[in-house]
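> Here are the chains, one letter per residue:
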Amino acid sequence: MTSMPELAIQAQQIRKNFGKVVALDGVNLSVPVGQIFGLLGPNGAGKTTMIRVLTTVLRADSGTATVMGRSVSHEAPSVRGLIGLAGQYAALDPNLTGRENLRLVGSLTQISGRVAAQRSDELLERFSLSDAGNRLVRTYSGGMRRRLDLAAALVHRPPVIFLDEPTTGLDPESRVELWAVIKELVADGATILLTTQYMEEADRLADQLAVIDHGAVIAEGTPTELKRRLGSSVIELGFADDATATRAAELLAGTSTEEPHVTGRGVQIKSNEGTKLLTRLLRTLDQGGIEPETLTVHEPSLDDVFLSLTGKPTEDSAPPVEAAGKRGRGAR
Amino acid sequence: MTDSPLLGHAPKRGIAALPGLVSDTTALTKRNLLMFRRVPQLLVFATIQPIIFVLMFRFVFGGAINVPNGSYVDFLMPGVFVQTVVFGAVGTAIGLAADLKTGFIERFKALPMAHSSVLIARILSDLTRNIFVVTLMTSVGFAVGFRVHTNPAQFLLAVLLLLAFGAALSFIFATVGIMVREPETAQAAAFPVMAPLVFASSAFVPVESMPGWLQPFAANQPVSAVITAVRSLVLGGPAVSDVLIATAWCVGIVAVAAPSAIWMYRKAV
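Chains A and B, in that order, are what the protein sequence lines are. Heads up: the first sequence is residues 1 to 332, going by our numbering. Heads up: the second sequence is residues 1 to 269, going by our numbering.
Just to be clear, a hint being listed does not mean it is correct.
[To be verified] Derived pair list, reagent style DSBU-like, types lysine-lysine, alpha-carbon separation capped at 30 Å: (1) A/227 with A/276; (2) A/20 with B/109; (3) A/227 with A/183; (4) B/30 with B/101; (5) A/270 with A/227; (6) B/30 with B/267; (7) B/101 with B/267; (8) A/20 with B/101; (9) B/30 with B/109; (10) A/20 with B/267; (11) A/183 with B/109; (12) B/109 with B/267.
It is worth saying that the hints were derived from the structure and are not from the lab. What you are looking at is a predicted structure, and each value in this text was computed from that prediction instead of being measured.
The shape of chain A in the complex, shown without the other chains:
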């Protein structure tokens, strides 16, 4: 009898090169059973490569990795029975119905036809696809394809689930829907490793986060820890002219831990307090008889996190949705 491992996923010094390009440069990861672990990074950081190594699709050049205590390189067939994978592009057969896709995957995971059929119906129900179950997948919307793709990863009830950018390219509503499903899976006892380019998504879902850049983990911690270390929101106020801006900055000195910074007609103030500070700033200005013309609040973005971690902006700072479109597949 093998004892239950405490770590669902463990990776040590994983390296992978594609020709001269270093995709993974010695990545270490430890994911305890029952956690949602987020792998955060921009396009080309190595997130997908890491997932492909951990799901036995790709062989690492060096390093060791285990899933539920089993080696992804030496016990790959055994690992495959324990994992579910939903990739970046909905990997489905467009010319099968939703139900047929699930049953096909079911029959390829060595569960009996009867169980596969029953499980398919269950999953269609759970992902609100019952009505669309007998329609060809080529008629599905992007959100429906993603849900079906995730359902396909769950047919054989895998205890460890890998989700590669599960919400990239989805509309906000479908995104929130998918988040709920992910939380539900963990409540059922699954362990999830997901990759994302969105700070907000990592923040909402992940118990533990690793920030990855150029194939290396550059920061790790809970979302709260990371944000405390890395990010602060920036409040930017715009005034009628330079003099008013300077006067406003003098008034606002001392309201935040950081001093206001004047740039022409604008005043920038960094803060970790968010809306609380905003109220204080506006009240102070009001008392001083100054009215700002514009007001913007920049929440810490992935770019900010990178800026503060690496001292340089991310190489690919295109908006996420466009970035997903550039890959040309999936997300339609």
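Mind docking chain B on chain A? Use the hints.
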């Protein structure tokens, strides 16, 4: 190794994995065949085109072509049969390229399944398609005056040879499909290779009518070898050496193309 409900099942290896291989292959073959119903265009390319060739050569060009002995339609049909399985083999490339493009095969790689079943199922479903198409073309041939001059057993042997040649070609086109990963590119890449093999062959005209420099190629390339064997089998005459040569081509192609297809597939994702 123990199976616990949470830990799933450890797939079997060796001879114990055979039931898994069979059931995975069955599931995937069924799915591939379902495609012909869902995307009828796939079959249209494989059937309408040879029918047009039959009608064109039988009724338009045929009168101008002199064949050594017998009628032109009897000369033509074996050529059309072989042409049909050659063009049909492109379907193997298109199918695999499409599955790579959608990421379907990448999904398979992470499943506890017998991975060889993906290639085997593709070859099997294309073999099934060839049985259908060859049967159809035989009926079309009979309708326009084609007759078997030997006996049913030899005709059956000819059909088996056709199917074997089709399966051998499937391995070549599996390699192509995995290499290009785009269904459209697969089709475009296949044509320049197939066209000279099909047209610079004895399929539609006697090789003797071609220019001298082309004759050695046209007479000895694999498509002609199979056509010659099929002709001998259905029209009569000494067939043994022709059939042996054609069989040798099939075996040779499989020996080279099957390992390359398997190697490409392993490398593919």
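> Holds or violated: are the alpha carbons of residue 30 of chain B and residue 267 of chain B at most 30 Å from each other?
With Cα atoms ~25 Å apart, residue 30 of chain B and residue 267 of chain B stay inside 30 Å; holds.
> Given the proposed pairing of residue 109 of chain B with residue 267 of chain B, does the C-alpha separation stay at or below 30 Å?
Holds, at roughly 11 Å.
> Starting from residue 20 of chain A, check that the Cα of residue 109 of chain B is at most 30 Å away, please.
Given pair residue 20 of chain A, residue 109 of chain B holds - Cα atoms ~25 Å apart, limit 30 Å.
> Just to be careful, I want the Cα atoms of residue 183 of chain A and residue 109 of chain B compared with a cutoff of 30 Å; is the pair within it?
26 Å, holds
> For residue 30 of chain B and residue 109 of chain B, compute the direct alpha-carbon distance and say whether it is at most 30 Å.
Answer holds: residue 30 of chain B to residue 109 of chain B is near 19 Å, not above 30 Å.
> Verify the proposed pairing of residue 30 of chain B with residue 101 of chain B, using a straight-line Cα cut of 30 Å.
20 Å, holds
> Verify the proposed pairing of residue 227 of chain A with residue 183 of chain A, using a straight-line Cα cut of 30 Å.
At roughly 21 Å apart (the allowed maximum being 30 Å), residue 183 of chain A and residue 227 of chain A satisfy the hint.
> Between the alpha carbons of residue 270 of chain A and residue 227 of chain A, is the straight-line distance 30 Å or under?
13 Å, holds
> Can you confirm whether the C-alpha distance between residue 227 of chain A and residue 276 of chain A stays at or below 30 Å?
Measuring from Cα to Cα gives roughly 17 Å; hence the hint holds.
> Are the Cα positions of residue 20 of chain A and residue 267 of chain B separated by 30 Å at most?
It holds: about 18 Å lies between the C-alpha atoms, which stays within 30 Å.
> Would you mind confirming whether the straight-line C-alpha gap from residue 101 of chain B to residue 267 of chain B stays at or under 30 Å?
Answer holds: residue 101 of chain B to residue 267 of chain B is near 15 Å, not above 30 Å.
> Starting from residue 20 of chain A, check that the Cα of residue 101 of chain B is at most 30 Å away, please.
25 Å, holds
The structure meets every hint from the earlier list without exception.
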